[in-house]
Amino acid sequence: MNKKIIFSAKNVVMDFAIGTGNPLRKGKTLRALNDISFDLYEGESLAVVGESGCGKSTICKLAMRFYKPTSGKMTFAGEDIHKLRGKNLKNYRLKSQMVFQDPFSSLNPIKNIYYHLKRPLALYHDIPRSKLRQTMNDYLEMVGLTPPEEVGNKFPHELSGGQKQRAYLARILAVGADVIFADEPTSMLDVSVRIGVLNLMTQMKEDMNKSFLYITHDIATARYFSDRIIVLYAGHMVEWGDVHEVILHPKHPYTKLLIAAAPDPERKEKVELPVVKDVDSEVTAWSPDKKGCPFRNRCPVAKPECAEAFPEAKKISDKQFVRCIHY
Amino acid sequence: MALLEVKNLCVDYATIDGGFVRAVDNVSFSIKSGESLGLAGESGCGKSTIAYSLLKLHRPPAIISSGSILIQGKNILELSARELEKLRWEEVGIVFQSAMNCLNPVVKIEKQFYEIFKYHNVTTNKKKAKTLSEELLRMVGIPADRLIDYPHQLSGGMRQRVVIAMALALKPKLLILDEPTTALDTVVQREILEKIFELKEKLGFAILFITHDISLMMEVCDNIAIMYAGKLVEKNTAKNILYEPMHPYSDGLKKSFPSLTGEIKKMVGIPGNPLDLRNIPKGCRFQERCFNAIKGKCDEEPVISSVDDGFFYCHNPLKYNKRGVNSE
Amino acid sequence: MNKESFLFQAIRFLKNSPRTTFGIILILIILSMTLGANFFTVHDPLTRYDGEWHSPPSTEHILGTTRLGRDVFAQTLYGGRVSLMVGVLAGCISVGISLIIGITAGYFGGVIDGVINTVINIMLVIPSIVLLLVIASMLGGISPPTIGLIIGLTSWPGSARVLRSQAMSIRNREFVLSAEILGEKKLRIILVEILPNMLSLITSGFVGTVIHAILAMTFLEFIGFGDSLSVTWGMMLSNAQKTGALNSGIWWELLGPSLAIILFGAGMTLINFSIDEISNPKLKAQRIMSTYNKMMKKKEKQRLMESGK
Numbered sequence: 001m002n003k004k005i006i007f008s009a010k011n012v013v014m015d016f017a018i019g020t021g022n023p024l025r026k027g028k029t030l031r032a033l034n035d036i037s038f039d040l041y042e043g044e045s046l047a048v049v050g051e052s053g054c055g056k057s058t059i060c061k062l063a064m065r066f067y068k069p070t071s072g073k074m075t076f077a078g079e080d081i082h083k084l085r086g087k088n089l090k091n092y093r094l095k096s097q098m099v100f101q102d103p104f105s106s107l108n109p110i111k112n113i114y115y116h117l118k119r120p121l122a123l124y125h126d127i128p129r130s131k132l133r134q135t136m137n138d139y140l141e142m143v144g145l146t147p148p149e150e151v152g153n154k155f156p157h158e159l160s161g162g163q164k165q166r167a168y169l170a171r172i173l174a175v176g177a178d179v180i181f182a183d184e185p186t187s188m189l190d191v192s193v194r195i196g197v198l199n200l201m202t203q204m205k206e207d208m209n210k211s212f213l214y215i216t217h218d219i220a221t222a223r224y225f226s227d228r229i230i231v232l233y234a235g236h237m238v239e240w241g242d243v244h245e246v247i248l249h250p251k252h253p254y255t256k257l258l259i260a261a262a263p264d265p266e267r268k269e270k271v272e273l274p275v276v277k278d279v280d281s282e283v284t285a286w287s288p289d290k291k292g293c294p295f296r297n298r299c300p301v302a303k304p305e306c307a308e309a310f311p312e313a314k315k316i317s318d319k320q321f322v323r324c325i326h327y
Numbered sequence: 001m002a003l004l005e006v007k008n009l010c011v012d013y014a015t016i017d018g019g020f021v022r023a024v025d026n027v028s029f030s031i032k033s034g035e036s037l038g039l040a041g042e043s044g045c046g047k048s049t050i051a052y053s054l055l056k057l058h059r060p061p062a063i064i065s066s067g068s069i070l071i072q073g074k075n076i077l078e079l080s081a082r083e084l085e086k087l088r089w090e091e092v093g094i095v096f097q098s099a100m101n102c103l104n105p106v107v108k109i110e111k112q113f114y115e116i117f118k119y120h121n122v123t124t125n126k127k128k129a130k131t132l133s134e135e136l137l138r139m140v141g142i143p144a145d146r147l148i149d150y151p152h153q154l155s156g157g158m159r160q161r162v163v164i165a166m167a168l169a170l171k172p173k174l175l176i177l178d179e180p181t182t183a184l185d186t187v188v189q190r191e192i193l194e195k196i197f198e199l200k201e202k203l204g205f206a207i208l209f210i211t212h213d214i215s216l217m218m219e220v221c222d223n224i225a226i227m228y229a230g231k232l233v234e235k236n237t238a239k240n241i242l243y244e245p246m247h248p249y250s251d252g253l254k255k256s257f258p259s260l261t262g263e264i265k266k267m268v269g270i271p272g273n274p275l276d277l278r279n280i281p282k283g284c285r286f287q288e289r290c291f292n293a294i295k296g297k298c299d300e301e302p303v304i305s306s307v308d309d310g311f312f313y314c315h316n317p318l319k320y321n322k323r324g325v326n327s328e
Numbered sequence: 001m002n003k004e005s006f007l008f009q010a011i012r013f014l015k016n017s018p019r020t021t022f023g024i025i026l027i028l029i030i031l032s033m034t035l036g037a038n039f040f041t042v043h044d045p046l047t048r049y050d051g052e053w054h055s056p057p058s059t060e061h062i063l064g065t066t067r068l069g070r071d072v073f074a075q076t077l078y079g080g081r082v083s084l085m086v087g088v089l090a091g092c093i094s095v096g097i098s099l100i101i102g103i104t105a106g107y108f109g110g111v112i113d114g115v116i117n118t119v120i121n122i123m124l125v126i127p128s129i130v131l132l133l134v135i136a137s138m139l140g141g142i143s144p145p146t147i148g149l150i151i152g153l154t155s156w157p158g159s160a161r162v163l164r165s166q167a168m169s170i171r172n173r174e175f176v177l178s179a180e181i182l183g184e185k186k187l188r189i190i191l192v193e194i195l196p197n198m199l200s201l202i203t204s205g206f207v208g209t210v211i212h213a214i215l216a217m218t219f220l221e222f223i224g225f226g227d228s229l230s231v232t233w234g235m236m237l238s239n240a241q242k243t244g245a246l247n248s249g250i251w252w253e254l255l256g257p258s259l260a261i262i263l264f265g266a267g268m269t270l271i272n273f274s275i276d277e278i279s280n281p282k283l284k285a286q287r288i289m290s291t292y293n294k295m296m297k298k299k300e301k302q303r304l305m306e307s308g309k
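Protein chains in written order, with my numbering: chain A, 1 to 327; chain B, 1 to 328; chain C, 1 to 309.
This is chain A alone, in the form it adopts within the complex (with noise of 0.2 Å):
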C-alpha cells in the first residue's frame, strides 16, 4: 500500500555559534546537525534515538521554525516549511504540533485546562458557542481524562503528570494537527503511566491516521510505539529502517552500543559493551571543520579510513540503511 508522505527532511545542516561574549573574539561553531533526510510517511510514527547532545530535539525545533536550517530544507506536503508566509503557514501550524518533554511546565499554571482547549479552537476552527463545551468535553474523552467536566475545570498543579500529558495530547487534538513531533513525551513520565500515553499515542495513529515523529532515547519504546527508527549520533545519522530490523540485526557498531547498553531483564548472558575503553563516553560535539566518522574515537572496528570522511548510505536491504565504512 502506498502511503503519502506528509514530511520530509533533505540534507538538513544545523549549526549554532556559540557566543564567547566578547564582540570582538570570534566563537566556535557547534554542528548540531549534520545531513539529516527522511521521510514521515501518513500515520506512521519514525523513532530518533540517540544519546544527550545527538541533535534529536533540534529536529523537532526546527520542524516547529524555532530556527530555520543552515542549509537544506524540511517540507511539509512539497512546500518548504521556512518560507510559508500568511494562510500557508496558517494551514502549516493547524497541520503540525508539538509535544514537550516536561509535562510540568507545557501548561500555563494559572490557566485550566478547558483554556488550553478553547485556544486552538477559537484560532483554527469556527465552533459556535453553544457546541464549544461539548466539543471540548469530546477531546478530553478521547484522551481519557474522565469525568471531562471535572478534569477541564482544573488547574494543571491539580492533575498529575502523566494527566497533564494526556490533557496535552488533548489540545493537539483540538488543533487537528496530522503531524506531531514528539520530543521524549514519557520520559518524565512514572513508569506505570508511560504505557497509558504511549497506548493513546498509538490510538491517534492507528485510528486518526496521525504522523509521529517520535523522539527518545528509550529504545525498548521506539520499538514498541514506532514503525521506523533512525539512530543518531553527534548529529550524523549512523543507521536507520524498520525498527525491527535496526534493532534485532543492528548494523551499525553505535547502534550495537546503543542496544547492549539499553536495560533488557530478559537478557541472558552478561553484557559486554562494544566500545573501546577509557575514551571519554560523552557524544563529541560536532563542528563545521571536523571531518570523518564522529564515532571512531569509541568504536571498536575503526580503521583509519574512518577518519577521511562520513560514508555515504548503504542500503543493507529495503528496510534497512546504514552508513558504516564496513558495508
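Treat the hints with caution; some may be incorrect.
Label-pair restraints from in silico Cβ distances [what the hints assert, rightly or not]:
1) F16(A) x S259(B): 52 to 60 Å
2) F16(A) x K126(B): 43 to 51 Å
3) D39(A) x S43(B): 35 to 43 Å
4) Y119(B) x S287(A): 40 to 48 Å
5) F8(C) x M1(B): 53 to 61 Å
FYI, nobody ran anything at the bench for these hints, they're computed from the structure.
Here a beta-carbon is modelled for each residue, glycine too, at the ideal position from N, C-alpha and C.
Given chain A, work out where chains B and C should sit, using these hints.
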C-alpha cells in the same frame, strides 16, 4: 546477622496545615553481607526517604517516628553524633542522584580525597593520600592524572565515578546508591553500573540500589523490594519478581516496560494515578488501581505472607502453578 | 465555584500568617484615616488657632499644634492623602515603565535585549537621588504630582532588571513555546501568558516603589524642594525644622508625620513579605518548621519520660 536490618520504619513529613504525612509506613527489610538489593518504586513511594533515613541524613521536616535501623547490630537511631560520623563513610557509603554536583567546585579532586582520609584518621600524609587516591581512581576506571583537575573539568559520567570512588574510599561494607545514574546517558550508565558490580565482586560490599528504572534493576540486582505509596509490597529475587510476581502492583510494573528484543505485544500498564499521600484509603493502599482487589477484604491492612525467597503483603495475590504460599 | 474557594483560601492564608494580617490592618487603618480624615478630626489642616502656638498634645488637639497654631493631627491625616497619592502615582509610573521595558527585553531577546540592558545599566549607575535633585532644581519648587512623576521616571531601572530576568525565564518555558507554535500573536502571548505569571513580582515591585517614593518625596521636601503651600508629611517635617521644633523640644510636631511614614512603610513591607511567600514556596517552610519543632519537642519529652522511668 544481617548487615542492614530495617524494622517497622515510619517516617513522617510535617505539612503546611499543621499535620503530618506518612511517607514511609512500617517498612521492614534486610540486606545480608555481599547481597545486592534493589529498592524500586515510582515517584512518591518513599524510597529516597528511606535512603536518607538509613544514615540519619534526613532533614526537617522529615521525622523518623518509629522503628529501628540496625547496621551490624547497632541501632543507628540511638547512636551519638560521633559514632554516627564514624559509621558514615567507614561502614556505609552513599552516592546520591546528582552526586556529581556534590563535588566542591573550587577544590581539586586530590584535595577532596585528602580531606576524607584526614577526617577519618586514615592518614595525614599527603603523599600517602595521593597514592591511595590514585588507586581509587584507577579502580573506577579514571586515569590517575585527572587527580589534579577541578570537578568542572570532568564530564558528568566521570564526576559520578569520582563520587563512587570517594564513597568506597574507606572500604565500607554497604554501599547505598540513590538513583546514581538517572541523569546520565544509557551507555555511561551501563559502564558505571558494570564497574560498581565488578567492584562489588572484588571488595565484597553489599549494595542497596534505589531507582525508578525497574527494568535496569531487574537486570543487575539479586533481590528486589517494591514500594508503593510508602509501603513495601513485595520482596523477592529479581528472577521471581520478573517471572512470577505475587503482588498485583509488581505484576503491573512488569507489564509497564516493553521488551527490547522479545515479542512486541500491547501492554496495559497500571490504570489510575499515583496515590495522594494526604488521602490514604483504609487498608491496602493499592486497591483503587488493583485488578485483583476484593471489595470489603482489601479495606483491611494486608498482613505479611512469606514465600521461599521473600515476602509480600496482599489479600489476593497472583497464583501460579508450582508455588505454595505460606501465610503467617 | 472558583470564587468561593479563593475566598476560603484567602481567609485561611490570613489566619496562618499573623504578619500579613497585621500589615493589612495597618494599611487599612492608615488609608481609612487619611481618606476619611473628616471623620477622625474636626479640625482643618490649614486653620491657625490663635493663642495655641506650639502647644503640646491635649484633648482638643491630639497631637498638639505647630508654631503657626495648626493642628498636627489634622495635618497628618489630610497631608497623608497627598503623600499617599504621590506614592501611588510614582509607583504606577515606575511599574508601568519597568514592565514594558523589562518584558520587551525578556521576550524578544537578541539585539533589543542588548540595547535595553545597556540603557538599564547606565541608568542604574547614575544615583537616582542626584538625578532627582538635578531635575527638581531645574524646575524650581515643585508640586506633589510633579514630584511623583519625577520619582516614577527615575526609579524604574531596578524593577526593570528584575522583571526582565523573570520574563526571560518564563519566556523559555514550554507553555509559552506551545502558544507560539499554536500561532498566537506575540502581544497576546505577552499579555495573557507571560504577564499574569509575573504578578507577584510586579506587585512586590509596586509596593517597594511606593515606599521608596514616599521616602524620596519626604527627602526632597525636607531639603526644601517641596511646594510650600501644600500640606504633606514631608512638608510637615520641613516646616517643623524651619520653625525650630527640633531645637525647642517640640516633639509632637515631628511625631505625626514620622509615625505615619513608619507605620505605612512597615505595613507595606509586611504585605510584601507575604507576597514573596506566595510565590516562593520555600518561605512557607517557616510554618512547616513550627509543626516539625512541636513534634520534636514532644518526642524529646517522651524520651526523657521513658528514660526517667
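These are the hints, each one checked on the structure:
Between F16(A) and S259(B) the CB atoms are about 38 Å apart, so this pair departs from the stated range of 52 to 60 Å. Restraint check, F16(A) to K126(B): a C-beta distance of roughly 44 Å satisfies the suggested window 43 to 51 Å. Distance hint check: the CB atoms of D39(A) and S43(B) are about 38 Å apart, consistent with the given range 35 to 43 Å. Remark: the range hint 40 to 48 Å for Y119(B) to S287(A) is upheld by a beta-carbon distance near 44 Å.
Between F8(C) and M1(B), the C-beta spacing of about 55 Å keeps the proposed range 53 to 61 Å intact.
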